[in-house]
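Participant: So the protein lines, in turn, are chains A and B. Counted from 1, the first sequence has number 267 at position 267 by the UniProt record's numbering; the numbering is strictly sequential. Counted from 1, the second sequence has number 49 at position 49 by the UniProt record's numbering; the numbering is strictly sequential.
Take the hints with a grain of salt, since some may be wrong.
It does not matter which identical chain is used: a pair holds within one copy or between any two.
What the hints assert, rightly or not - Pairs of lysine-lysine residues, derived as DSSO-like cross-links and limited to a Cα-Cα distance of at most 30 Å, are as follows:
#	residue 1	residue 2
1	Lys295	Lys105
2	Lys87	Lys295
3	Lys105	Lys190
4	Lys87	Lys105
Think of the hints as simulated: they come from the structure by calculation, not from any bench. Since this is a predicted model, take the numbers as computed values, not measurements.
What follows is the residue order along each chain.
Protein chains: 2
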Amino acid sequence: MNLVTIEEIRAAAGRIGAHALRTPLLPQPWATGSPLWLKAESLQQIGAFKIRGAFNAIASLDEPARTRGVVAYSSGNHAQAVAFAAKQFGIPAVIVVPDVTPRMKVEATAAHGAEVVEVPMAERESRAYEIAGERGLTLVPPFDHRDVIAGQGTIGLEIAEDLPEVEVVLIPVSGGGLASGISAAVKALKPSVRVFLAEPELAADTAEGLRTGARADWAPDRRARTIADGLRSQPSELTFAHLRAHVDGIVTVSEDEIREAVRTIAHRSRLIAEPSGAVSTAAYLFHPDELPQGKTVAVLSGGNVDPRQLADLLAL
Amino acid sequence: MNLVTIEEIRAAAGRIGAHALRTPLLPQPWATGSPLWLKAESLQQIGAFKIRGAFNAIASLDEPARTRGVVAYSSGNHAQAVAFAAKQFGIPAVIVVPDVTPRMKVEATAAHGAEVVEVPMAERESRAYEIAGERGLTLVPPFDHRDVIAGQGTIGLEIAEDLPEVEVVLIPVSGGGLASGISAAVKALKPSVRVFLAEPELAADTAEGLRTGARADWAPDRRARTIADGLRSQPSELTFAHLRAHVDGIVTVSEDEIREAVRTIAHRSRLIAEPSGAVSTAAYLFHPDELPQGKTVAVLSGGNVDPRQLADLLAL
């Protein structure tokens, strides 16, 4: 399969420019063991890395298609990313969300000027395609698209630039867009870097897939057990091919380890991580024996956590 | 009085180099009203801006004095800053703390390799001077020193570089080292910028002093009422002269406003702020009528908050 190239990722960086934040790579002097840096994508304007891929995908459309607008289905960070990016281009965006989506998330998406369409959970994907067809909009998928992967890959460019001596990169994995992009960038620029994924035990389809060499299919109910609600997707053929090509290993973490990592990141790193964003730090904290030693970057992919859940996570 | 110059601040930036983090200036798209950026000093390695002044003060010592080592009295961020900076120079540091200091803070300071001396609260300053005399150490004061002020001023350089179109800068004030340094830098580089201070109502000696034109002296017990435990000092002659020369106004905030600002920063900006660090955002959120409109930078000075206090602040 034709994998995303470093040239595509560099082109994405050029398109994205200052429309996404160049997030800081933050040294963590409290870390014992391998020296640790956090790549804090939680500090993006929408609180997650998804803005990079969404912006690159929209920027890559030809002018007439872009002007007509875009549609996406997501209740999470991808929804806000597409809404936020569309607003920067001044184009219409329709976001299809399950009708069980918390008010707060619906409002955050609408606040970026997007039209939010609420449908029963099972219909969200089909409804999005329907709307795309009816209105001539382009569907921006959450991860299964080269432009989206290339956009997320710009994180890898920044890591390699900001810490040229990096030895290990730890990335949360779900649909695999983030991990595909970063690993493609890092391996192209610095093949000696070891790329490891972090995944919840309760949604460990990628770990199983990489072990057997073929994508594992876990039922949505089974994946939905993890608190890491951004990590309940599974790789596509395209992203799985990237992971097979570029990834050196994968570590699974327990729910308690994820919770403890959220607390450590708050108390020691002074950052809010959503559970999905904390799995890479959980791998670092609780599974050092499964990881190579050396200068380590953990990608903190997002910080969008409901105030009530945050209060629960940080309660003593 | 001879105020700290932009040349001294530039020299400080040269000395500090990469030993303190160039903290990110983070856009806050959720902000209504004036566009808002947070200068997140909470992301410094020690969780607060104090590393800048401490490092510059130690770097400015002559070689023999520096080699003998330094002493400081503080139970808060200055203690960790001096310990952390001394470690980078490989020199001895003694930190004198009140014997009521929480274990966690004592351990954090000791973890940087400093010798921690616990004494009764009333004796900490005198004991620090005694130790300095006995052991030939140099005392690094928390704010009343040009090199400390110049070090904190490097924040102003970074703001002016990263957001050349900045119009308003909001700074927490206590002893005034931070506000003196930043205002000196910003006013030298961009005289049109309006510099405003933010102070707790319950420790509003600086507001009173700037109103009357002479330093106000509030009893320590009176200042100790605020939850913002890093804002219980008051300006020295040196820092007060800077504030009189450079500051355009001051806003006082209530305890409830400080608490609400900590919550907003956690939920919307995904950052942990200590109450002292949140007062500038509290001024932005709750006192817009007292502030000029325009592109606003609020300095988030620190993020060191006890886990129990954080849990209480974020409880719903």
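Participant: With identical chains treated as interchangeable, where does the CA-CA distance between Lys295 and Lys105 reach 30 Å or less: within a copy, between copies, both, or neither?
Facilitator: Result: close only across copies, 27 Å inter versus 36 Å intra.
Participant: For Lys105 vs Lys190, is the C-alpha pair at or below 30 Å within one copy, between two copies, both, or neither?
Facilitator: neither (38 Å within a copy, 40 Å between copies)
Participant: If the cutoff is 30 Å on CA atoms, where do Lys87 and Lys105 land: within, between, both or neither? Let me know, please.
Facilitator: within (17 Å within a copy, 45 Å between copies)
Participant: My question is about Lys87 and Lys295: at a cut-off of 30 Å on alpha-carbon distance, are they close within one copy, between copies, both, or neither?
Facilitator: Result: close only across copies, 20 Å inter versus 38 Å intra.
Checked against the numbered hints above, the structure breaks only hint 3 and satisfies the rest.
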